[in-house]
Amino acid sequence: MILEPITYKGGLYRHEEMVELIEDLGGYIIQLQQIAGDIIILALVPKEDLDLVRGIAKPINGQVTVSPLVGTEIAVVSMSLEIHHLPHATCDVAEYLRQFGAKTNVIGLARGFGKRIAQLNIEERDVINEHDCAILLYGNFEECIRHKNPKISRGITVPIIATGGPDKEALMKCIDPPVEGYVGGLGRLAHRAKRPEELAKLEEMVGEVSRVLDLRRTEIFKDPLSVAPPRLMDLIIEKVEAIHEVTSPTPITVQMAGLRVKLPYEVYADTLRNLELEQGVRLGDIADVSPSRMRTYIWVQVRPFSETKVMV
Amino acid sequence: MTGIEAFTSDCPEKTGGDYYERIAADVLQDMNLLRVISKLHVSVDPTVPLFIVVGVIRKLPAIVKVHDFASLQVQGNRITLSIGNESYLAPFLKFLWDRYGKANVEQPDRWTVVLTVPEGGAEGFEDLPVYDPREDIFRDLMYAMICIQPEGFKVRKEAYVDGKFYFVASEDTLPEDVVERQVREKFALIGEEL
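Chains F and H are the protein sequences, given in the same order.
With the working numbering applied, the first sequence has no gaps in its numbers, which climb one by one up to 314 at the end.
With the working numbering applied, the second sequence has no gaps in its numbers, which climb one by one up to 316 at the end.
Next comes chain F alone, as it looks inside the complex (with noise of 0.2 Å):
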């Protein structure tokens, strides 16, 4: 079964329907939250089911669009957290991955800026492998980016996608390692992000991020995993009381091949290693249970069925 990512937005009223509608045809709510009257629900559909589900929103007024990043999440690492690059443009690359579902974190590096001086310490490096890809975000210069790039992509195993000033052919020239993607024209700047060219340009961000995840998700589907996150998320909502006490807006957080738990690690990781999915089966067989940089949190990563031999 092939599921599709969506966002559905839409009123309280009659919500419920959807609800009960993406669980009964399989699908997975990654997130549902409420703003006001409204309702965004983050969600996986079976594909041959969607034009069921948009056929369901319609009389209750409610929008299902696409959205290709639901169920991943993203590093948005800005050089630093100083005025330099913040709000703009990092905040406006991150704000505009979660209107396409990504769960986008951003991480400012301690002593990221600079040509000579730009290093990333072995937390920042960390925290950025446990997410799906990063997105690198660096300056105006191919003279600085030729220089930092080597330092600040040093030791990162995901997919690196980097954005900067410089146009795209010359980010490819002077990135050395090359990195899996290049958004040229989005480097520092002093302004919200609002002219059309602008917004083109962030439109063109989001097509990278998206080439770059569904190559990832080629190869995953290669060897398929044990089990798919979303299910794990299910299961673990449904086995592990104490994550309902949990106040974060997604206690667990959906990623293309593991989940992080917002659970305390110390804890809560000897529950989950043995919790019981499925006929015997159990969570630490077929998933690496350690403890996340990010806070206490737990940090699932799911085997593939080639090493475990179990599907559940």
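Possibly wrong hints are sitting among the right ones.
[What the hints assert, rightly or not] Below, computed lysine-lysine pairings styled on DSSO-like, alpha-carbon distance capped at 30 Å: (1) H/K276 <-> F/K153; (2) F/K60 <-> F/K224; (3) H/K136 <-> H/K187; (4) F/K153 <-> H/K161; (5) F/K170 <-> H/K136; (6) H/K136 <-> F/K175; (7) F/K153 <-> H/K136; (8) H/K136 <-> H/K279; (9) F/K175 <-> H/K224; (10) H/K136 <-> F/K196; (11) F/K196 <-> H/K224.
Since the hints were made in silico from the structure, they are not lab data.
Predicted model, so just to flag it, every value in this text is computed and none were measured.
Given chain F, work out where chain H should sit, using these hints.
Frame of chain F; chain H shown alone:
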């Protein structure tokens, strides 16, 4: 850029230079400093690396004196001041406390200040300088320059001389002749002399 007579930039990388021109315009507009500057030149050389801004400031408002915002009545060594414009009250009170001590400065209500001054202290009191707007503008300008410059340029040199200012910053130690040679060259580009 609105209000600036001459606004130029130079950079070995054209795209980068254009971006910095835009960043400078945005930051100065956000901080309401466009009306203060008459000429500006932004120079960025990422290869050195070196960031230089030179500019000319328009004629600034004069130093604010006591008679500009208050009227006074003198009775012996007691001066009663009626405040007309509250904008300068905070720096004025600080000035009075420093000069006469807190014990000799009373403020019975929002608009009145009663002062006990030493013998003959009331003479020329109304012409005392209270606030110099140029200091604030220079400080604001330098803050704007720090926002405009590429981040990480921690080594800085700045000055304000006769209505002209310059700001030099780099990641590395600044060249010794940066002011004598490079800053003067940049001033020449906007038709000025340091």
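Determine which of the earlier numbered hints do not hold for this structure and return their numbers in increasing order. Violated hints (numbers, rising): 2, 3, 4, 9 and 11; every other hint is consistent with the structure.
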